[in-house]
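Trainee: Each protein sequence line maps, in turn, to chains A and B. Our numbering applies: residue 1 is where the first sequence begins, and numbers increase by one. Our numbering applies: residue 1 is where the second sequence begins, and numbers increase by one.
These aren't lab readings, by the way, just hints derived from the structure by calculation. Hints are supplied without guarantee of correctness; some may be wrong.
[Said to hold, decoys possible] When the alpha-carbon atoms are kept at most 30 Å apart in a straight line, the in silico DSSO-like pairs for lysine-lysine are as follows:
1) B:K60 - A:K273
2) A:K326 - B:K63
3) A:K273 - B:K19
4) A:K273 - B:K67
5) B:K9 - A:K326
6) B:K59 - A:K273
7) A:K326 - A:K136
[As the list claims (entries may be wrong)] Only some residues are given here: those of chain B computed to face chain A with a beta carbon under 8 Å:
8) K17
9) T32
10) R49
11) Y55
12) F57
Cβ atoms here follow ideal geometry from the backbone N, Cα and C, with glycine treated the same way.
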Amino acid sequence: MRAMLSVEEVKALLNTGKRLLLSGDEDLLRQLPRGQWVGGTTPYFIGEKGGVMTRAKIFANVLPPEVVSFETRFYSESQLPGIVADEPCHGFSFVIIPAFTRTHQSFAENVQSYPCIFDRPLVGWIAGVALEEIGKRKAKVVDGQTGRWSDNNAICLHAGLSENIAAEVGIVNPFIQGAGDTITVDRPGFRFREAHVNGVSVNLAEYFLSQGIDHRLPLVANYSGAMVNVSIKSIDQAAKRVAFYAPLFPHIDYRLAVPVEDYQAAFTREFNKICADPTLSMNCILNFIYGDLEGKRIGDFMGPITFGEIAYGLLNQTLVYMVLRKT
Amino acid sequence: MLPPKTHPKWKELVCGKLKVSFTLLATKFFITRVTGRAKIDPTTENIERLIEEAYGFFKKNEKLAQKDIQAIFGQESK
Numbered sequence: 001m002r003a004m005l006s007v008e009e010v011k012a013l014l015n016t017g018k019r020l021l022l023s024g025d026e027d028l029l030r031q032l033p034r035g036q037w038v039g040g041t042t043p044y045f046i047g048e049k050g051g052v053m054t055r056a057k058i059f060a061n062v063l064p065p066e067v068v069s070f071e072t073r074f075y076s077e078s079q080l081p082g083i084v085a086d087e088p089c090h091g092f093s094f095v096i097i098p099a100f101t102r103t104h105q106s107f108a109e110n111v112q113s114y115p116c117i118f119d120r121p122l123v124g125w126i127a128g129v130a131l132e133e134i135g136k137r138k139a140k141v142v143d144g145q146t147g148r149w150s151d152n153n154a155i156c157l158h159a160g161l162s163e164n165i166a167a168e169v170g171i172v173n174p175f176i177q178g179a180g181d182t183i184t185v186d187r188p189g190f191r192f193r194e195a196h197v198n199g200v201s202v203n204l205a206e207y208f209l210s211q212g213i214d215h216r217l218p219l220v221a222n223y224s225g226a227m228v229n230v231s232i233k234s235i236d237q238a239a240k241r242v243a244f245y246a247p248l249f250p251h252i253d254y255r256l257a258v259p260v261e262d263y264q265a266a267f268t269r270e271f272n273k274i275c276a277d278p279t280l281s282m283n284c285i286l287n288f289i290y291g292d293l294e295g296k297r298i299g300d301f302m303g304p305i306t307f308g309e310i311a312y313g314l315l316n317q318t319l320v321y322m323v324l325r326k327t
Numbered sequence: 001m002l003p004p005k006t007h008p009k010w011k012e013l014v015c016g017k018l019k020v021s022f023t024l025l026a027t028k029f030f031i032t033r034v035t036g037r038a039k040i041d042p043t044t045e046n047i048e049r050l051i052e053e054a055y056g057f058f059k060k061n062e063k064l065a066q067k068d069i070q071a072i073f074g075q076e077s078k
């Protein structure tokens, strides 16, 4: 079950012993009693009536009975690689990280090199705040079992599953690589002055400006058939520097995406291909803004609108989901 | 059943010489990582380490990644 609920409705679910994954405004989450839940802040959602920004409702994912264990733990930046060792032998891990923190940055830059990171399902999202509050208010995560909050560390749920059930993490991404120039970098990072375009060293900001690129289009890399986006945060003409919402990595070829004319139609078309009811799912704030998704549904998708999506690694402008399948 | 680590397809897989359409997202990400590492360091020692890693990944995900295992090894994995 997933739904937009009032504080009282969430309290009622917790009173019946339900295990919940919650997203919402900090003031609402702080009104909840302790229980088997984890949460993160965001006031943006796609609910029953479509995309919405609200401080009046909490988005709740009720975990099904197939989830047989529920262990939570905070991870600091230095503890992040330990997530892998704590993952259940049979289950999944769900992580929420506050946006624009060192933990967020470190996870994004290093997670792909954690040993065995792809062996077990890891899914999650980056917590945020209302766009007008960025810089004034901090994104936070909370462990409902202890009532402990953090504006810096990641909260992770390690959930065990019944023997005959397996978790599968997937993505819905309507963006594909365009046929244009190939961009590569020499080091992992969120900010770049220098990059290579078709093998030639250039200033990336000057290159983007000279090409008149649409900054709403992500760079796209092809990970053995999975299209992975990196969204452009800013192109600073004066500093001659480009910032991204996720890291670029060396040895990966990036190309600017083919434009998506109708986000709602494109996401709906791709989401309907999942052929299963996701236990949880989330979509990106940039898709909400660039795709003008306020008041719009995308297929049966419902979930928080987030400041980065996690499917093993950090993704941008992507819908991430997890389904539980019988094996 | 997963073929043994001595099967030649393992080496082709981690060296990026096997062009396969994968189904599972985790497989796609994993294969991108190991083939990237094989390009950076193609020594025999490293390739053996990557085969070990690939075998471990598919062993742990044998049920969920069945389609991918079949795509790599064909009938031999049945």
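Trainee: Against the earlier hints, flag every one the structure doesn't satisfy and list their numbers going up.
Mentor: Structure breaks hints 7, 8, 10, 11.
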